[in-house]
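There are 4 protein chains.
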Amino acid sequence: MNEIPTIPDWQISQWFNTSTPLTQAGMRGRVVLLHAFQMLCPSCVSHSVPQAERVHREFAESGVSVIGLHTVFEHHAAMTPVGLEAFLHEYHITHPVGVDQMTPGEPVPVTMRKYKLRGTPSLMLLDRAGHLRMHEFGRVDDLHLGVAIGRLLMEEKPMPDELQRQSVRDGRTTNCDEQGCEVS
Amino acid sequence: MNEIPTIPDWQISQWFNTSTPLTQAGMRGRVVLLHAFQMLCPSCVSHSVPQAERVHREFAESGVSVIGLHTVFEHHAAMTPVGLEAFLHEYHITHPVGVDQMTPGEPVPVTMRKYKLRGTPSLMLLDRAGHLRMHEFGRVDDLHLGVAIGRLLMEEKPMPDELQRQSVRDGRTTNCDEQGCEVS
Amino acid sequence: MNEIPTIPDWQISQWFNTSTPLTQAGMRGRVVLLHAFQMLCPSCVSHSVPQAERVHREFAESGVSVIGLHTVFEHHAAMTPVGLEAFLHEYHITHPVGVDQMTPGEPVPVTMRKYKLRGTPSLMLLDRAGHLRMHEFGRVDDLHLGVAIGRLLMEEKPMPDELQRQSVRDGRTTNCDEQGCEVS
Amino acid sequence: MNEIPTIPDWQISQWFNTSTPLTQAGMRGRVVLLHAFQMLCPSCVSHSVPQAERVHREFAESGVSVIGLHTVFEHHAAMTPVGLEAFLHEYHITHPVGVDQMTPGEPVPVTMRKYKLRGTPSLMLLDRAGHLRMHEFGRVDDLHLGVAIGRLLMEEKPMPDELQRQSVRDGRTTNCDEQGCEVS
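Residue numbers (the UniProt record's numbering), protein chains in the order written: chain A, 1 to 184; chain B, 1 to 184; chain C, 1 to 184; chain D, 1 to 184.
If you are wondering where the hints come from, they were derived from the structure by calculation, not from laboratory data. The reader is advised that the hints may include incorrect statements.
[What the hints assert, rightly or not] A few chain C residues that face chain A, going by a derived Cβ cut-off under 8 Å, partial list only:
id	residue
1	S46
2	F87
3	Y91
[Claimed, not checked] FRET-style restraints, in silico, Cβ to Cβ:
id	chain 1	residue 1	chain 2	residue 2	range
4	A	Q24	B	G63	28 to 34 Å
5	B	T103	A	T18	58 to 64 Å
6	A	Q101	D	M154	55 to 61 Å
7	D	E106	B	E58	49 to 55 Å
8	C	H92	A	W15	56 to 62 Å
9	B	T94	A	E58	47 to 53 Å
10	A	E3	B	A60	28 to 34 Å
11	D	R113	B	G63	47 to 53 Å
12	D	E3	B	T94	47 to 53 Å
13	C	H92	A	E58	31 to 37 Å
Just so it is clear, the structure is predicted and the values come from calculations on it, not from any experiment. For every residue, glycine included, the Cβ atom is placed at its ideal position computed from N, Cα and C.
Pulled out of the complex, with its shape left as it was, chain A reads as follows (with noise of 0.2 Å):
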């Protein structure tokens, strides 16, 4: 029997553009586009972050309710909430961002090890029911990006059956390239 695979909820010190947390439960009946991203992560700045904000703009209406997640796990004195704001602000980022929580002594913050994500941009879609169904590390083309959630916006239930996309791809050495930034 295949299990469908879920995530934990996030778990978030401070939350940005929006009024009230959010929460896996209150995003049921939507797809939800998760991206984790630091400020500093060129490839999130020059790539992941603005795909995700065209995606709020253009499909937040459609059914789509894409979530930022600051998963700051090294240069942590340079990425810090005030940073996050200003950032947030220059690059006209209107969709929800929340700053994943730390933990002392831990460089890596704790929705991301819940996660095992692979380092930043890292990309997941969640379908209407709760499920995990992409999990990327890396820049995703739009192309792909808008397959998928079309696939995922037609969907009425979950499809217990379907498996899991978890494809990560090939990994760098260097901390930061132009795939991305690792954890290392």
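Starting from the structure of chain A, add chains B, C and D where the hints point.
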């Protein structure tokens, strides 16, 4: 009662990249991306033709058939079938392309007139039942095209009550611009 | 009589990517590309900072010195020297960068005020004699920048009768846009 | 003793965008950007032809003359003068373009053979005295092209002792690739 829009079959004088002529009936059960272009239309060359080729290469196995329609309505002496063949070779285009049938004394070819195309590039999506579900003039971005394809791939049967999305962009008066080339 | 414009020396509170403080006098005999930026200015991050880095990497040996000036005039708590250091690391910036000196109670830093910069990005070219020969606000395309650098590299002596090209682009009212971030 | 490289005059069967035939002698005193292309060479269409057009539009008044050379060495039936004329019209090319003279029974045209061009795109820079100062096969980036042009614009007299920079990029075996189209 809403009628579902259909389009008559294309009329082709010569095919490339296929050993047998293609018909709409032969596509039943598949999602069809039909794109009209001219080999000397800058926006087609830089955007719509390579986009169509990517859809062909990446989603043919998922049930999408991509067909190019060479709808020459200007510079006929420059955009001949011999020219088209060289173009397809040099640009590494592998999806089937048909030359829209000309009528003596009429600059706009037959299929282009029957489909009332505004110019090139034009993009049409047909669902698995052969109904016209999207019709756009000018550049369509990858994200929107992907979502539209993803939705259609999830349909087992045509949706008779769904309206055609016939979104035509704002017109320009010049012959060829950033958006494409228009019939004047 | 035309006077040749000069600029006073920069005032820097902290240097990165250089073991010794840099001065204009120390640059005599070389062409200097001086670019003012902020680490959260989108147009700087996507265009002017990587452009300056390319000039540094490809033309340092030909006689061009590239110096970045971190002129923070907004979001001071977000764009700290610690933040800048992480930014330079993640974006692989190897050319010298100085933090423009702040004055208590004044949001615009010292050098930025002395140079009467309109905002970020700003680009200045100094000739081998230290005269200001180009001063632009906003994006400068590679072709124009290259021609300007090529011309200055050919000068053995300053050209006293050549007028300063002080071309400032049309202003925008928003804080940060495609062009850059302006002091309001 | 270093001889300064020169090139013989181009041999043109038909000119576009000029009312009188152009000769090297007629260019004396100006910097000349000579670029060889084919209208169905993807790298020419996307990069080198629009780059040459920008140089023409932005630096003609500064003393740069841009000349295109249509050097068809393959698909001759597809890249006719009629085809070229439509191409120049659709792509809004306004700088002079000459069709390289063909010899019966020889696929590579006359000027292309005399200049020993490796393929398309090829870019040559002639100084004000008519000496060949740069010769590149494949894409040349704007920054390097700009610096080279800027340097030549500053020369009042040719520099007899300066060596020709004949940098030819690494070869590829396919006919047309990202870099350009090569004579096989």
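A quick look at each hint next to the structure:
no., hint, verdict
1, S46, "holds, 7 Å"
2, F87, "holds, 6 Å"
3, Y91, "holds, 6 Å"
4, Q24(A) x G63(B): 28 to 34 Å, "holds, 31 Å"
5, T103(B) x T18(A): 58 to 64 Å, "holds, 59 Å"
6, Q101(A) x M154(D): 55 to 61 Å, "holds, 60 Å"
7, E106(D) x E58(B): 49 to 55 Å, "violated, 42 Å"
8, H92(C) x W15(A): 56 to 62 Å, "violated, 32 Å"
9, T94(B) x E58(A): 47 to 53 Å, "violated, 30 Å"
10, E3(A) x A60(B): 28 to 34 Å, "holds, 31 Å"
11, R113(D) x G63(B): 47 to 53 Å, "holds, 51 Å"
12, E3(D) x T94(B): 47 to 53 Å, "holds, 49 Å"
13, H92(C) x E58(A): 31 to 37 Å, "holds, 33 Å"
In summary, the numbered hints that this structure violates are 7, 8, 9.
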